[in-house]
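Spelled out, the chains give:
There are 4 protein chains.
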Amino acid sequence: MPSSDKFHDECGVVAIYSHPEAEKLAYLGLHALQHRGQESAGIVTSDGMALHVHKAMGLVADIFVEEVLAQLRGTLAIGHTRYSTAGDSALLNAQPIMVQSNKGMMALAHNGNLVNAQEIRGRLESQGSIFQTTSDTEVIVHLIALSREQTLPEAMADALRKVEGAFSLVMISPDRIFAARDPRGFRPLAMGRIPAQSGEKQDTIVFASETSAFDLIGATFERDVKPGELIVVGPEGVTSRLYSPPLAQSSCIFEHVYFSRPDSLVFGRAVQQSREELGRQLAREAPAEADIVVPVPDSGVTAAMGYAAESGIPFRFGLIRNHYIGRTFIEPRQTVRDFGVRLKLNPVRSLLEGKRVVLIDDSIVRGTTSRKIVRMVRSAGAKAVHMRVSCPPTISPCFYGVDTPSKKELIAANKSVEEIRQFIGADSLSYLSLEGMKKACGDGEKTTYCTACYTGSYPTNLVDVEEIQPATLKR
Amino acid sequence: MPSSDKFHDECGVVAIYSHPEAEKLAYLGLHALQHRGQESAGIVTSDGMALHVHKAMGLVADIFVEEVLAQLRGTLAIGHTRYSTAGDSALLNAQPIMVQSNKGMMALAHNGNLVNAQEIRGRLESQGSIFQTTSDTEVIVHLIALSREQTLPEAMADALRKVEGAFSLVMISPDRIFAARDPRGFRPLAMGRIPAQSGEKQDTIVFASETSAFDLIGATFERDVKPGELIVVGPEGVTSRLYSPPLAQSSCIFEHVYFSRPDSLVFGRAVQQSREELGRQLAREAPAEADIVVPVPDSGVTAAMGYAAESGIPFRFGLIRNHYIGRTFIEPRQTVRDFGVRLKLNPVRSLLEGKRVVLIDDSIVRGTTSRKIVRMVRSAGAKAVHMRVSCPPTISPCFYGVDTPSKKELIAANKSVEEIRQFIGADSLSYLSLEGMKKACGDGEKTTYCTACYTGSYPTNLVDVEEIQPATLKR
Amino acid sequence: MPSSDKFHDECGVVAIYSHPEAEKLAYLGLHALQHRGQESAGIVTSDGMALHVHKAMGLVADIFVEEVLAQLRGTLAIGHTRYSTAGDSALLNAQPIMVQSNKGMMALAHNGNLVNAQEIRGRLESQGSIFQTTSDTEVIVHLIALSREQTLPEAMADALRKVEGAFSLVMISPDRIFAARDPRGFRPLAMGRIPAQSGEKQDTIVFASETSAFDLIGATFERDVKPGELIVVGPEGVTSRLYSPPLAQSSCIFEHVYFSRPDSLVFGRAVQQSREELGRQLAREAPAEADIVVPVPDSGVTAAMGYAAESGIPFRFGLIRNHYIGRTFIEPRQTVRDFGVRLKLNPVRSLLEGKRVVLIDDSIVRGTTSRKIVRMVRSAGAKAVHMRVSCPPTISPCFYGVDTPSKKELIAANKSVEEIRQFIGADSLSYLSLEGMKKACGDGEKTTYCTACYTGSYPTNLVDVEEIQPATLKR
Amino acid sequence: MPSSDKFHDECGVVAIYSHPEAEKLAYLGLHALQHRGQESAGIVTSDGMALHVHKAMGLVADIFVEEVLAQLRGTLAIGHTRYSTAGDSALLNAQPIMVQSNKGMMALAHNGNLVNAQEIRGRLESQGSIFQTTSDTEVIVHLIALSREQTLPEAMADALRKVEGAFSLVMISPDRIFAARDPRGFRPLAMGRIPAQSGEKQDTIVFASETSAFDLIGATFERDVKPGELIVVGPEGVTSRLYSPPLAQSSCIFEHVYFSRPDSLVFGRAVQQSREELGRQLAREAPAEADIVVPVPDSGVTAAMGYAAESGIPFRFGLIRNHYIGRTFIEPRQTVRDFGVRLKLNPVRSLLEGKRVVLIDDSIVRGTTSRKIVRMVRSAGAKAVHMRVSCPPTISPCFYGVDTPSKKELIAANKSVEEIRQFIGADSLSYLSLEGMKKACGDGEKTTYCTACYTGSYPTNLVDVEEIQPATLKR
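Protein chains in written order, with our numbering: chain V, 1 to 475; chain Y, 1 to 475; chain X, 1 to 475; chain F, 1 to 475.
It should be emphasised that the hints constitute simulated quantities derived from the structure, not laboratory data. One or more hints might be untrue.
Since the list gives no way to pick one copy over another, a pair counts as held whenever it fits inside one copy or between any two copies.
Stated by the list, open to error - Restricting the straight-line Cα-Cα distance to at most 35 Å, the calculated cross-link-like pairs of lysine-lysine (DSBU-like) are:
hint: 1; residue 1: Lys408; residue 2: Lys372
hint: 2; residue 1: Lys439; residue 2: Lys408
hint: 3; residue 1: Lys344; residue 2: Lys226
hint: 4; residue 1: Lys383; residue 2: Lys438
hint: 5; residue 1: Lys383; residue 2: Lys201
hint: 6; residue 1: Lys344; residue 2: Lys372
hint: 7; residue 1: Lys201; residue 2: Lys372
hint: 8; residue 1: Lys383; residue 2: Lys439
hint: 9; residue 1: Lys438; residue 2: Lys344
hint: 10; residue 1: Lys344; residue 2: Lys439
hint: 11; residue 1: Lys372; residue 2: Lys446
hint: 12; residue 1: Lys383; residue 2: Lys446
hint: 13; residue 1: Lys201; residue 2: Lys344
hint: 14; residue 1: Lys407; residue 2: Lys439
Predicted model, so just to flag it, every value in this text is computed and none were measured.
Working from the sequences, and respecting the hints, build out all of it.
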């Protein structure tokens with residue numbers, strides 16, 4: 001997949017309690033969450049006695065071929081799919097992390113990012129603990145092992161009280177599945193159910209980052225794991241505890257703007273609905289004199305439809321996305337202009353020629369891709385290009401599980417909207433307002449949102465951020 | 001790629017005359033034509049002295065990695081991408097076909113299907129010719145070699161006069177590129193141009209099945225190769241001859257309905273425009289009492305937008321397509337209902353629930369996939385499902401380059417529309433009329449269309465069809 | 001496999017008549033002949049109705065994995081393994097060559113080299129025949145198809161009478177296996193038998209280039225195919241005809257010196273026996289004042305043992321061969337001396353130190369490898385290195401199926417023995433005499449040998465050699 | 001590599017201090033040690049600031065391709081190649097193990113096996129430590145991190161004093177290389193030197209399990225790391241300390257009998273010399289009335305030559321080994337007798353027919369392979385087969401780094417020599433005596449040997465052995 005000028009989520013997680021083919025359900029669930037991370041994937045299963053693991057670089061469907069799944073046969077399973085920066089240690093950090101400890105065997109998969117992991121890690125190292133990954137997730141398993149609590153659920157609750165930041169977690173022991181969310185509810189985690197088939201004793205309980213994973217495995221959405229909640233599923237059934245009082249909720253609004261699949265329910269709300277409203281609101285706030293509304297596919301499509309519906313300007317697929325993108329592409333030396341973008345997107349001259357175009361995208365990161373797209377649309381004959389973005393300018397990095405470039409690479413952190421317009425070469429440029437975005441996503445209804453990347457106002461302390469990153473550990 | 005219940009085209013072709021990186025332009029052109037055939041691909045280049053070939057099973061971007069392209073360095077190139085039935089001999093039939101003959105070395109790539117190839121082949125075999133592929137294309141190179149004409153252009157014209165059926169061809173010799181279409185113009189073939197860069201003597205002339213290939217390599221569309229025309233590009237420049245008087249034109253209308261990319265100009269007409277008109281015409285002919293219009297993605301999208309625009313019923317992406325589809329998928333034994341379809345499509349409950357849905361697709365082949373989709377839409381809460389198809393019922397196989405199932409598998413050849421409706425479980429079902437389809441695609445303007453698969457009335461004799469297929473030659 | 005400074009054979013062939021798992025026997029047979037060609041391999045099977053083919057680049061065991069063999073299920077089979085020069089057309093020339101003709105389907109596998117193929121090819125091309133490979137083998141199938149004989153056996157006999165040179169052939173039609181050798185018997189071809197198991201009607205008849213292939217599949221050696229003989233195995237049983245009177249025999253002596261496996265019977269004689277005799281004869285002709293006899297492994301081992309036994313000087317494995325050689329090796333920039341040779345061979349200092357060494361090899365091609373080996377043996381402490389070669393100096397290229405470098409690269413064609421000694425840095429150098437070699441290999445007993453590469457006196461006309469090679473056809 | 005009925009060593013290690021291409025030297029060193037472990041391999045390098053790691057399943061040459069080595073560029077390096085039982089966690093246990101701790105980053109590679117690892121591990125777990133591998137090596141890094149010593153050398157010495165068993169270790173920190181052997185000197189570890197090239201300040205110091213690794217990288221053997229010694233190489237030069245007084249030496253005699261390459265110096269003695277003496281001694285102790293001496297290749301060759309020399313019976317390569325063995329082999333259903341053995345070995349009928357054969361092997365593990373070989377030799381015509389084994393009967397498992405089957409699978413632990421003879425079907429069977437083996441290997445000269453697998457008398461306590469293996473942790 002050619003690196004794109006987009007923000008990246010860092011993970012999707014899935015968990016299955018008690019199904020004769022738990023490993024296959026985990027694999028299908030991960031497949032449905034593939035968009036949340038395409039770099040590596042892993043599954044850990046339990047056959048009731050021991051845990052079995054397989055992790056590798058690549059896409060879910062390429063990693064978990066028949067013979068690999070055969071070796072993972074089990075009735076309990078958790079899975080993880082991950083995006084991360086490339087590098088020699090990438091496999092090292094693949095999840096789930098599986099360990100043996102005084103609490104027995106366990107494996108843990110984490111979506112999110114801790115903000116006090118470095119601090120805790122420093123403290124643990126000074127006491128003689130060793131770390132084998134560079135992942136913040138490893139501190140959680142250390143804390144569980146070091147907890148004085150005797151049972152795994154209590155030890156886990158104990159550990160979760162010590163970490164700060166964003167975490168939607170699933171954990172597996174030989175006989176139980178655990179699922180927990182941080183007290184602020186940054187990242188989604190949903191619980192679903194597959195009714196017991198004849199001959200089975202118990203319903204299958206499943207967890208996943210997004211409900212679209214349930215659809216593929218025939219599970220029904222039941223409810224979200226609550227912020228501050230730890231759910232344990234075992235022979236005793238489903239038990240829930242609040243390991244921490246929930247704090248002011250700060251669910252990641254970017255899940256609705258861009259990350260999640262439109263067919264998912266996230267934080268109790270249909271993503272599709274938010275996305276269409278984002279477009280409608282954008283049309284109200286930032287109208288344009290134009291002949292057609294054109295999305296930057298695929299992620300801008302729903303917002304563009306909302307914009308078109310609200311504005312009455314016809315929607316057109318003026319940019320066609322090529323879905324046969326291989327890993328690396330060989331470019332002629334005598335470069336085709338905007339080659340990288342052209343490989344993925346092709347303008348439809350018959351639609352664009354002579355037209356004033358409203359171009360809808362869901363974010364501008366560095367601005368370089370937007371510039372190429374605007375230029376490409378113009379060269380296909382558009383008379384005017386009005387860029388509209390279905391969220392506010394992104395001015396601050398995320399520390400809660402989204403891979404954002406540093407502040408100096410974020411164009412909106414360094415340029416005014418007018419300067420960005422000039423940079424990308426659009427005739428006009430507008431972003432959605434903060435209030436407009438929150439309204440469109442139903443802020444205050446089912447949840448309230450974290451908008452730190454748009455405001456720079458973070459809902460947690462940022463312990464690690466001040467610290468110098470460990471230079472000796474190459475990521 | 002999971003086999004889908006769709007018609008398949010059999011090829012895309014591309015040719016490049018004189019560019020310092022002809023092999024890379026051919027490769028990028030094939031990539032842009034990947035949708036026309038995903039089974040195998042091949043490129044033959046000339047460095048002015050000799051031809052070099054590489055053919056393999058798989059996708060263009062997987063086959064032509066850097067080191068393979070390095071061995072193909074040349075200034076002239078042709079390429080081919082192919083869909084065909086699986087089988088042990090698949091690579092055998094990959095194109096281009098390269099041969100040595102009394103006319104020198106040449107290689108040929110063919111989109112289409114000959115209808116008198118078996119007859120000619122039988123005759124040639126009886127004279128002692130040997131055949132190394134099961135492809136109809138091989139007879140053309142035999143005819144060229146056996147022609148009494150002395151020059152390659154004349155020998156090629158001679159050969160093309162002897163074959164009947166559908167062929168858009170490109171051919172390469174060490175110093176020339178040839179491009180030709182059959183006299184009825186069944187399949188598309190466009191000519192484009194890349195202006196000479198400073199330091200180069202000549203413009204680069206390119207040919208491709210669809211103009212979208214030109215966009216990626218920075219070429220401008222110039223004109224279509226005409227039915228009955230043979231174009232030769234060589235040191236002497238571009239020369240054209242009509243090797244045969246053009247016959248009544250019968251361009252494949254299904255290129256507009258489904259095959260071609262929406263961003264292509266095909267038979268001189270924007271595919272996007274036809275497809276939207278198909279949807280609008282369908283709305284006029286077959287309105288529905290409904291709340292939303294939902295396409296079966298990706299191919300049904302544009303027609304659905306036309307239907308929505310014409311009918312005033314809102315368009316919604318009620319089915320989400322998963323683009324991370326690997327080769328084979330492992331299914332739980334205790335099958336998830338409609339698993340195969342669910343892997344590719346997921347219904348958006350929040351959009352579908354309680355709604356009366358107009359579902360737009362561009363064809364129904366066997367009906368089995370449509371049945372699953374209708375059931376899936378219903379199970380996501382739709383109150384009613386009105387299926388609308390943007391072309392008439394497909395009742396007859398194609399013999400001109402489209403891979404269609406046999407008549408007994410084509411549902412519309414065996415059931416009435418009402419029976420099909422019952423089979424797929426829709427509340428109502430309507431197809432576009434023949435006249436409506438022809439009108440939407442501008443029949444009689446730039447070309448007239450072959451509609452044999454909808455009417456059973458074929459524009460050519462069907463010599464081979466009566467014959468028994470050679471049983472000893474396993475395909 | 002790193003290219004080595006050795007002569008290469010070009011093929012091994014195998015054929016199976018009537019076995020329920022013919023494809024597996026062919027595959028195992030090819031595996032046993034892997035040393036005769038490591039570049040590509042192919043198998044064609046018949047299920048009684050149609051032929052099935054699979055050919056690919058690589059080693060037999062890597063190509064014919066379970067699922068590939070499953071698609072080749074048949075009761076008749078032929079196979080081919082090939083060495084050839086690398087290049088983009090390598091797969092093109094992989095054998096067997098399968099064609100459809102007026103004689104039905106057939107596929108042919110060839111070990112050897114024709115010396116009048118270019119002449120015939122030119123004639124056939126001028127009559128309009130097309131050639132799809134650059135292999136001399138393709139002319140044979142053309143000749144079969146063009147023959148006026150009605151039956152395949154007669155047409156094959158007819159064709160074989162028209163070609164000149166070295167050929168040991170196996171051919172398959174849907175219901176028969178054919179095996180033939182040229183009238184001079186250049187290359188080996190043996191016939192064997194697997195007794196019918198209970199429930200089977202007929203013994204299984206097998207053919208292979210070397211009898212070691214029989215050992216692996218449980219077959220017993222029966223006899224060699226005779227020079228000028230064509231054997232047909234079909235429902236009627238085994239029939240033999242002499243399509244041509246046998247000419248003066250000229251079996252390739254280098255099969256005994258180097259090519260064939262020591263555990264094979266070749267031309268009716270145990271290779272092991274010849275090889276030991278070569279060493280004994282060398283000891284008689286070229287004694288040395290030395291402490292130990294050391295072979296260049298693996299091929300020099302048996303001759304070295306013969307030398308040691310005859311001379312009474314102790315044999316020692318002073319050079320250890322590394323069998324874990326991968327495809328390409330990455331060398332430090334600051335080169336280790338004689339790195340390429342060291343990867344394959346390592347001197348045993350404890351054996352060599354202070355010793356006068358007789359080093360036995362079976363050929364010196366360019367001399368560069370020998371030079372490195374001599375230097376390496378010295379640097380491990382040898383006091384003196386006496387090089388002995390178990391055949392005469394190679395002064396002339398082979399045109400009968402052995403890949404030899406051109407005359408100007410053959411060191412012995414350009415330098416005297418004394419000059420070669422200086423070049424490789426040995427204290428003394430002796431080759432075996434022509435008479436000694438012939439005697440050691442039993443010349444005149446079971447067969448007489450071709451020694452053209454040692455004498456420059458060729459047993460056939462060399463029609464093609466005078467001709468200019470076709471420049472347009474890149475090999 | 002088909003699993004063979006042989007004992008397996010578990011590792012080879014290599015370390016490089018300060019070379020501009022340390023990663024390439026490590027890779028070549030591992031290649032030379034490939035025979036010590038073919039399952040996985042890993043390299044960790046330092047560029048002076050940070051450590052970089054790559055570990056994977058497979059052979060060294062397949063894992064460390066050019067682009068992988070490019071990412072490992074460094075001046076310090078350690079490497080490890082490993083044999084282990086297959087299983088889903090195999091990659092998990094690949095070495096080196098790299099960790100971050102209060103002593104900084106470090107990575108460790110281990111050849112050998114600890115006998116109190118489980119005990120220590122249990123204690124550490126009860127204190128809250130977590131374990132991510134099932135390897136005994138992980139306890140060492142925990143002990144280093146938990147040591148109260150402040151410097152890495154002291155902490156390492158401290159840790160090594162706490163573990164018991166067999167360990168030859170190399171360790172890397174960002175600026176130093178460490179090498180140590182256990183106080184009994186079970187496993188080999190040699191130090192070598194590459195003289196500084198012009199422009200470099202310092203000689204390169206290298207460590208490797210066997211000296212054959214030095215030959216390939218142009219290093220000279222300097223001395224063995226001593227039992228109980230810890231060598232640190234850093235900017236300050238080479239420093240040595242005895243972290244523990246050396247105990248009675250118990251070097252693994254099986255390194256000389258079978259494991260090590262014959263071209264290596266191991267425990268200060270040439271392996272080739274030991275192996276020849278083993279054969280000579282065997283001839284003295286267990287003569288046979290026979291016509292030829294035949295080794296089971298490759299490992300039995302040198303002993304067979306010694307036997308032949310001492311006995312005066314001629315040596316013959318009566319069994320040919322096939323070196324083109326791929327991963328898995330497909331067997332015909334109607335099995336060829338002794339198929340698995342035949343794939344690897346083929347008898348030379350011309351040598352064996354009518355002969356009384358002394359067959360020399362270096363061990364009999366389960367006896368099943370020997371039985372097949374004896375049968376195969378007989379079926380090739382041998383009149384009598386006298387099996388001679390160049391060491392005593394193996395009656396007890398190894399706990400010091402050799403993968404031996406359990407006692408109940410070791411044929412000599414359960415049957416008398418006469419019973420074994422009957423089982424394998426030999427006419428006579430003799431093993432070398434314990435005293436004979438020790439004498440042949442120079443026991444008491446440079447070292448004294450561990451012979452526990454022949455005697456059941458172990459030189460250490462066997463702490464873990466009594467314990468139940470952790471059942472929850474699947475290996």
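Here is how each hint holds up against the structure:
In this assembly of identical chains, the alpha carbons of lysine 408 and lysine 372 lie at most 35 Å apart only when taken from the same copy (20 Å versus 50 Å across copies). When the C-alpha separation of lysine 439 and lysine 408 is checked against a cutoff of 35 Å, the pair qualifies only within one copy, where the shortest distance is 29 Å, while the shortest distance between copies is 55 Å. Taking the closest pair of Cα atoms, lysine 344 and lysine 226 come within 35 Å of each other only across two copies (31 Å); inside a single copy the shortest separation is 39 Å, beyond that limit. In this homomeric assembly, lysine 383 and lysine 438 come within 35 Å of each other (Cα to Cα) both inside a single copy, at 33 Å, and across copies, at 31 Å.
Taking CA atoms no more than 35 Å apart as the test, lysine 383 paired with lysine 201 passes between copies only; the shortest distance there is 34 Å, against 66 Å inside one copy. Taking identical chains as interchangeable, the C-alpha atoms of lysine 344 and lysine 372 lie at most 35 Å apart whether they share a chain (12 Å) or sit on different chains (31 Å). For a Cα distance limit of 35 Å, the shortest separation of lysine 201 from lysine 372 across copies, 30 Å, qualifies, whereas the shortest one inside one copy, 58 Å, does not. For the homomeric pair lysine 383 and lysine 439, the shortest alpha-carbon distances inside one copy (33 Å) and between copies (29 Å) are both at most 35 Å.
For a Cα distance limit of 35 Å, the shortest separation of lysine 438 from lysine 344 qualifies both inside one copy, at 31 Å, and across copies, at 32 Å. Within a single copy, lysine 344 and lysine 439 get their C-alpha atoms as close as 32 Å, and across copies as close as 32 Å, so both meet the 35 Å cut-off. For the identical chains of this complex, lysine 372 and lysine 446 are inter-copy neighbours only, at 34 Å across copies versus 38 Å inside a copy, given an alpha-carbon limit of 35 Å. Taking the shortest alpha-carbon separations for lysine 383 and lysine 446, only the inter-copy value of 27 Å comes in at or below 35 Å, while the best intra-copy value is 43 Å.
Taking CA atoms no more than 35 Å apart as the test, lysine 201 paired with lysine 344 passes between copies only; the shortest distance there is 32 Å, against 49 Å inside one copy. With identical chains, the CA atoms of lysine 407 and lysine 439 are at most 35 Å apart within one copy only, with a shortest distance of 26 Å there and 55 Å across copies.
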